[in-house]
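First to last, the protein sequences are chains A, B, C and D. With the working numbering as the guide, the letters of the first sequence map in order to residues 1 to 449. With the working numbering as the guide, the letters of the second sequence map in order to residues 1 to 449. With the working numbering as the guide, the letters of the third sequence map in order to residues 1 to 485. With the working numbering as the guide, the letters of the fourth sequence map in order to residues 1 to 485.
There's no promise every hint is true.
Unchecked claim - Cut-off 30 Å, straight-line C-alpha distance, at most; resulting in silico cross-link-like pairs (BS3-like, lysine-lysine): (1) D:Lys457 - D:Lys389; (2) A:Lys171 - A:Lys231; (3) B:Lys321 - C:Lys163; (4) C:Lys290 - C:Lys163; (5) B:Lys432 - C:Lys27; (6) C:Lys27 - B:Lys350; (7) C:Lys162 - B:Lys321; (8) D:Lys457 - D:Lys364; (9) D:Lys290 - A:Lys171; (10) B:Lys171 - C:Lys304; (11) C:Lys389 - C:Lys457; (12) D:Lys162 - D:Lys290; (13) D:Lys162 - A:Lys171; (14) B:Lys321 - B:Lys171; (15) B:Lys350 - C:Lys36; (16) D:Lys364 - A:Lys21; (17) C:Lys364 - C:Lys389; (18) D:Lys40 - D:Lys27; (19) A:Lys231 - D:Lys36; (20) B:Lys231 - C:Lys40; (21) D:Lys163 - A:Lys321; (22) D:Lys40 - A:Lys350; (23) D:Lys27 - A:Lys432; (24) C:Lys364 - B:Lys16; (25) C:Lys364 - B:Lys432; (26) C:Lys364 - C:Lys457; (27) C:Lys290 - B:Lys231.
Calculated from the structure, these hints are not laboratory results.
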Amino acid sequence: MNFLPHTERERAEMLKACGVKSVEELFAPIPEAVRLRRPLDLPGPLSEMELAGHLQALAGRNTPTNGLLSFLGAGAYEHYVPAAVGQLTGRAEFYTAYTPYQPEVSQGTLQAIYEFQSYVAALTGLDVANASLYDGATAVAEAAAMALAHTRRTEVLIGANVHPEYREVLKTYTRQWEVTVRELPAPEGALDPAAAAAQVSEQTAAVIVQNPNFFGLVEAGEELAQAAHAKGALLIVVANPVSLGLLEAPGAYGADLCVGEGQPLGNPLGFGGPYVGFMAARESLVRRMPGRIVGATVDRDGRRGFVLTLQTREQHIRREKATSNICSNEALCALAFTVHLSLLGPQGLKELAELCLQKAHYAADRLSALPGFKLAFPGPFFHEFVVRVPGPAEELAERLAARGILPGLPLGRFYPDLTDALLVCVTETKSKAAIDRLVEALAEEAKRA
Amino acid sequence: MNFLPHTERERAEMLKACGVKSVEELFAPIPEAVRLRRPLDLPGPLSEMELAGHLQALAGRNTPTNGLLSFLGAGAYEHYVPAAVGQLTGRAEFYTAYTPYQPEVSQGTLQAIYEFQSYVAALTGLDVANASLYDGATAVAEAAAMALAHTRRTEVLIGANVHPEYREVLKTYTRQWEVTVRELPAPEGALDPAAAAAQVSEQTAAVIVQNPNFFGLVEAGEELAQAAHAKGALLIVVANPVSLGLLEAPGAYGADLCVGEGQPLGNPLGFGGPYVGFMAARESLVRRMPGRIVGATVDRDGRRGFVLTLQTREQHIRREKATSNICSNEALCALAFTVHLSLLGPQGLKELAELCLQKAHYAADRLSALPGFKLAFPGPFFHEFVVRVPGPAEELAERLAARGILPGLPLGRFYPDLTDALLVCVTETKSKAAIDRLVEALAEEAKRA
Amino acid sequence: MSVPLLYEISSPGRRGYSLPAADVPQKPVERLLPAKALRKEAPMLPEVSEVDVVRHFTNLSRLNYGVDVGFYPLGSCTMKYNPKIDEAVAELPGFAGLHPYQPETTVQGALALLWELERDLCEVTGMARMTMQPAAGAHGELTGLFLIAAYHRARGEGEQRKKVLVPDSSHGTNPASAALAGFEVVSVPSDERGMVDLERLRAAVGPDTAALMLTNPNTLGLFEEQIVEISRTVHAAGALLYYDGANLNAILGKARPGDMGFDVVHLNLHKTFATPHGGGGPGSGPVGVKEALVPFLPVPVVEKGPDGFRLAYDRPQSIGKVKAFYGNFLVALKAYAYLRAVGPEGLEQVSEDAVLNANYLRVKLRPHFAVPFDRTCMHEFVLSGSRQKARGVHTLDMAKRLLDLGFHAPTIYFPLIVEEALMIEPTETESQQTLDAFAAAMAQIAREAEEEPELVKDAPHHTPVRRLDEARAARQPDLRWTPGR
Amino acid sequence: MSVPLLYEISSPGRRGYSLPAADVPQKPVERLLPAKALRKEAPMLPEVSEVDVVRHFTNLSRLNYGVDVGFYPLGSCTMKYNPKIDEAVAELPGFAGLHPYQPETTVQGALALLWELERDLCEVTGMARMTMQPAAGAHGELTGLFLIAAYHRARGEGEQRKKVLVPDSSHGTNPASAALAGFEVVSVPSDERGMVDLERLRAAVGPDTAALMLTNPNTLGLFEEQIVEISRTVHAAGALLYYDGANLNAILGKARPGDMGFDVVHLNLHKTFATPHGGGGPGSGPVGVKEALVPFLPVPVVEKGPDGFRLAYDRPQSIGKVKAFYGNFLVALKAYAYLRAVGPEGLEQVSEDAVLNANYLRVKLRPHFAVPFDRTCMHEFVLSGSRQKARGVHTLDMAKRLLDLGFHAPTIYFPLIVEEALMIEPTETESQQTLDAFAAAMAQIAREAEEEPELVKDAPHHTPVRRLDEARAARQPDLRWTPGR
Ligand SMILES: Cc1ncc(COP(=O)(O)O)c(C=O)c1O
Ligand SMILES: Cc1ncc(COP(=O)(O)O)c(C=O)c1O
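When you get a sec, could you build the whole thing from the sequences and use the hints?
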């Protein structure tokens, strides 16, 4: 299969117009020393029918979560995505466009991003949002960079109960900067504001808190904000957008920056990507924001229109002095987020969050009633919780997987002291019957072990 | 789930504007005697997530052909449909539009139909085509009606080897008219032109021939045309559009009308529908054509544009004197046909037809070499053939089905003298390995019986 | 703005396809098929690339107006919003990939769906059984008339009952279908209230009458208040009553054709049941009948037995088939999904809102246009452009002007009994804001017709093409691309 | 033409969603969560129906220009046609429905795909291994620079090598990524032929140099003919050579960065490998390295073992992670599908046609515009609007005028070293007719610039909005909807 329109006759005609005899002449500028003088060793070509068959066969070697019964969450959430989302993001004018460099023919993308920014600002209770970042993990690193630049300080504190992969990414980024990253312990799952306050110093640029945290627990946002602000540090909150249908807006309890993973709205699990990071901040931080920002303005005839704005922050103008290196971001994923949230509205988002909350609590109640099982942490939680199981969680999960059930994430891989614990997530996609099936299967397999 | 935008506040406001107190008042014109004073006894409502789950479960109770190995054809053909087809017919402006009554905002639909008409005329070698009919079967009946009206005669001859369901539909339609339908026998699978000629009389309006016929055999088109024309009857050919990549255009061998089922191009099997009938005819017949016809014209500024034309044939103007009662037809299926054929072009269609031809012949060669199997008919065939099997074909097919293979259509249901025969279809979707699997399985099961 | 034909950008040898290589031993084509059977000349088709095709149809689509673009108040056509989930489920391979001749054991889900849908539609209409075979409304009419003919034939009155009555306000498909079904068509005039004129009906109906075809509410959007009397009259004469379901959207859960005395009903799933219209199809026109007509239904019907569902052909009195296979299954499936989503109360609310919207618009437009039958309407109503005509502005002009203002036009010049008719059906899926915006546009046009009639008469001004020369199209038919034309 | 914000058509209580009823025993929310943690005010989001949402985004899309609408010669961005089959396969539930933490046994197909794609991309680039983790080109650059830093650190030169050299013609992301990775950025000027000035490079490079970042062909579309010498120079100083793969489309199968001496390469799958750009992402920026840098690659890498594929984390020298999970998997999948479809010869043909198209256009446009570096180019070339500037017509004006004529504009004002630059990359998926039509439009604009400069300076005239006030947008930022604004 090829997607090339030229016929041989056309190629010949065009070569002639170029004044060359063969296409090889056009490659003359490449020194012979670096020419590849053998065919590439690749399979193919395949016709479209064969390609479709090949990929169907590969897909068939996977079992998607809808062929299993999955209680996995941990940063990637299975929600029902309304059919309208895909139909709209599948509009060719959206997905085959580039970054909107020519606003006059890109109002669709630009207005949608403006609406995305508006929604993110509304959800987080902050003033301004950008047009998206790569994902939740990199958004944390970008937020840390902003805080460091803004405060001109050299240290960042982050909860040990922030998503382990987010912490790893922060570590990778900050390793190159002359800064210290310290973790705030969370022995009871949630952070202790007093203990955190004791760690914040005049050198602290930011305190990074995930809320609900990686264990699903709700943090004492306001107290943590006070702890940070007391020493002039910023509070960066990492939030799940679905939880914000129910939970207080981070801006309302003192967050200066709120970032997070937008996947739960509108985006499929997709084996981890593409996802979409979001970022919102207080107005005063806007000129330090990474990535694209869209603003409303007027055209020559006075009609409203939208443009990429505050571009003097950006790499294509400021080069090494830019606030970030981000060029392409995750616009189409942000669009999916925007469409899904448009369908939900404030009431739908709240109902969705409540459904998750109720179902997760039902599951937690039932699981913790099983002999040998108990909740690992005492605090209030949203739609994920940690349950201690009898024996190694990894093995129990494997036995459940053999029965087509993924009971949650065994936490030993990230927390050596939690090898007997599962992180269980329950969303609206799980019926009571499905939860009951999980409970039964766990009870049986735990007994058997 | 509902799709109603009104809030209760809005309803109240609107009722007030209408000058009524309750919506019940608006239904006052319905006499109480015929009011339904109980709730409808229907299930639901379901949320979108539940609905998706419910339909997935229903779909899961079917095994689609791509989960089986199917050699079924017989009027519904499994071809690979390029991904571009669905992406383009899925454009909301196409599928959520009505029949193009307002041409200024319907040029997309209108131009696409004009292209469809052009393609159908080109494929069939005839002058004009209409904008589609319901399916191949009704197209046969419509063509017969045209021929009867055009010739003012009272009899129609149709091959006994025309698709049995098409013949049934013709019978249903003609039963109400004062006409006779007679079948031309086909003891060797194909029609005998001399025998046919003997049947044609001064009362014969048309001879209806399927080519390739229901058994997959190629008919002697030219001789049949002569037989019909000798007595002033029309020749109506029922053709498979894919075969026309390779086989002579019916117009070229004398057909006056060519109709057929357009499903093989662009349309999924869909358990039998929606499909799309096509019809092409000599120019002289155009004002008798049923259904919509699109024509090119110019707008007020002299620019080319397209409109529904020759509407004085139609029911909304001529009422009971119309050439047909057709209003909605199968525009979106015709669009799928048009997109698929646009991708193929003349060369692609030819290659596709050849692939089917070669694969069908390979399968026929292998099958007829099995002990107890032989081809039922001697003539040349395209991509379907009839093979006689040892014992009742129905039983053999059942045993194959238990192994996930649909070896073809047992013909006993339509032809009592062919209870030991299967109609086997092979398209480009069947690899050599798949054909070999069929052959092996048939050999094994035939032995076992 | 105009898009060339693909023919006009064709380049010999360019290709937009890829096919697998032949993996079976090849024989020369000439050995497989007689030379005479082979095509001498390749069909005249364009040669283009995949990107050519994609851009072509993408750009063509952009010249179109659909429900997803805006308000489409096409009277009688019920252009309501088509839920996206229905499109998604119709693409499931477990439905789209089924061959009609697969063994019944492998299509139990599909048969269950057809069976359930039949039951649901019977409940909504008050009929005994229903066939999904007809492909559209008009096809349903034809099928219904075949059934009626079979019924009379079975009673030995086939030769005698050769007339079908239709009101003069009826849709063109009604008389056309009756004619195609071999009946003589007799038109029954409407009275001054827009209803069937009962006296004239009584005069027309008789022992030669096969049926009366009605839609109720009628094409004026008015409920035939005398329906019980009409039914009695028709049945007393031994004739049957046929229901054109195009207007069922008005009465879902409120009244049922079966309870009004109708014997045969066709539905337009592509209207009432939210399946999209596809720019002219595919539709689906199921036909329901009362018990007495059940034996005549087309084969097969879906039956439920102890071993599951099956397709029953063993029906000696059946009229046979009206279409290959089982109807437009994937369309029926969308209607099924719609019904399940909406549920019984939702369905009633559909009609309530449809009727509310129509009355709201009627009241809002009344100051600007003549309303020939100005009383409570059902789901649609008919305006007349008679006032504007006095200024030389015709309904056609106003329809075109609406296109400029971003709306699809209503149905025009139908029903035939209203001068300069504008038939407006807002449907229940439109919000108050949309109705207000439309009313404002209509008011603007009424004003323009007064103050700047030329602006309206020259409309549209802002569409991809301007008014098209239909006379030329009919006089010099150009119905296909021809090289060098 | 303008589309209101959804906020502007919101109606309190209107809904566009449906959720299943809660089927578990419910507890009062206040018993599950502390009052303080609960939201006091609902977020300010619009309340609209499904049809509102569908029309809104459908109409927004119609204001956009995409590759499927027409020619998009955006230099450096490789806006080629995105095959539709790739979109279809990315939606298969067997891919789209995978959770990143599923057991490896349940995702063998996905891991196989990642493993195969890695091998293929290594073959195309001449690298040893590759990570799919970076989400875009710039993210790949950052990752590559982290790898370079780790390499030097491992050799004890981490503190010493703090400088990254970039040509003055480089893309802005190069210096920005280097800065973000903690390096000091040193710009290397180009010579009068548009190439890296070897003398200045020799002067700049030294024991404090971590790397030189290059794209080759460079941003002028010219192949760095001295690449062997450049590589020798950089490596002699103990520094590494970084390849910005944005321009790989020019040399597929013809030359490989690995063979040119590059140590680290990032690719833009959303350019060279035909995955769509989504209006600004998601992209995918895999990074490949030579053997010496393999130990530093991000975790996990995919390994093939006797029991199948696994995600390997046991890599002590790894830089860690640059993104959660494994990268933009569904984007990588489309690139894999593209590679398999095209095959090795097809890939070489891609570059041949891309280069042919660029040269063809260059030659066609030469009569009308200044071509600062007018010799055989690779897949793109840069014009200058300097001649037109003399008439007061700027490159920006000409870009806007192109929009009127139905084309997307080229990249403008980049690279920075060309005055009034217009950077044109036609890509291989465009036909001769399209190129001719574009050339004709450009010639027309050149003529207009002479004869009717105001027409160009006032452009665009026919777009959904006209030229927008960017200064006002920056001065009075309006970055979100606010009630009553
Ligand atoms: C009243 C009425 N009856 C019948 C029909 C015919 O339906 P179809 O177009 O599906 O054949 C229509 C369609 O416009 C109609 O409005
Ligand atoms: C030369 C060059 N390098 C790097 C990039 C950055 O790629 P991305 O936008 O994927 O981050 C681009 C994109 O415009 C580019 O053209």
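Verification of the hints:
1. D:Lys457 - D:Lys389: Holds, because 11 Å separates the two Cα atoms, which is no more than 30 Å.
2. A:Lys171 - A:Lys231: Between Lys171 (chain A) and Lys231 (chain A) the Cα gap is close to 23 Å, so the pair holds against 30 Å.
3. B:Lys321 - C:Lys163: OK: Lys321 (chain B) and Lys163 (chain C) at ~15 Å, within 30 Å.
4. C:Lys290 - C:Lys163: holds, 21 Å
5. B:Lys432 - C:Lys27: holds, 15 Å
6. C:Lys27 - B:Lys350: holds, 15 Å
7. C:Lys162 - B:Lys321: Roughly 16 Å separates the two Cα atoms, so the pair holds.
8. D:Lys457 - D:Lys364: Roughly 24 Å between the alpha carbons, so the hint for Lys457 (chain D) and Lys364 (chain D) holds.
9. D:Lys290 - A:Lys171: It holds: about 24 Å lies between the C-alpha atoms, which stays within 30 Å.
10. B:Lys171 - C:Lys304: The hint holds at about 28 Å.
11. C:Lys389 - C:Lys457: Distance of about 11 Å is within 30 Å: holds.
12. D:Lys162 - D:Lys290: holds, 21 Å
13. D:Lys162 - A:Lys171: holds, 19 Å
14. B:Lys321 - B:Lys171: holds, 22 Å
15. B:Lys350 - C:Lys36: It holds: about 16 Å lies between the C-alpha atoms, which stays within 30 Å.
16. D:Lys364 - A:Lys21: holds, 17 Å
17. C:Lys364 - C:Lys389: Within the cut-off at roughly 20 Å; holds.
18. D:Lys40 - D:Lys27: Given pair Lys40 (chain D), Lys27 (chain D) holds - Cα atoms ~19 Å apart, limit 30 Å.
19. A:Lys231 - D:Lys36: holds, 24 Å
20. B:Lys231 - C:Lys40: Answer holds: Lys231 (chain B) to Lys40 (chain C) is near 27 Å, not above 30 Å.
21. D:Lys163 - A:Lys321: Holds. Lys163 (chain D) to Lys321 (chain A) sits at ~15 Å (cutoff 30 Å).
22. D:Lys40 - A:Lys350: Holds - the C-alpha atoms of Lys350 (chain A) and Lys40 (chain D) are around 12 Å apart, at most 30 Å.
23. D:Lys27 - A:Lys432: holds, 15 Å
24. C:Lys364 - B:Lys16: holds, 12 Å
25. C:Lys364 - B:Lys432: Not satisfied, since the Cα-Cα distance of roughly 68 Å exceeds 30 Å.
26. C:Lys364 - C:Lys457: It holds: about 24 Å lies between the C-alpha atoms, which stays within 30 Å.
27. C:Lys290 - B:Lys231: violated, 46 Å
Going through the hint list in order, the structure does not satisfy hints 25, 27.
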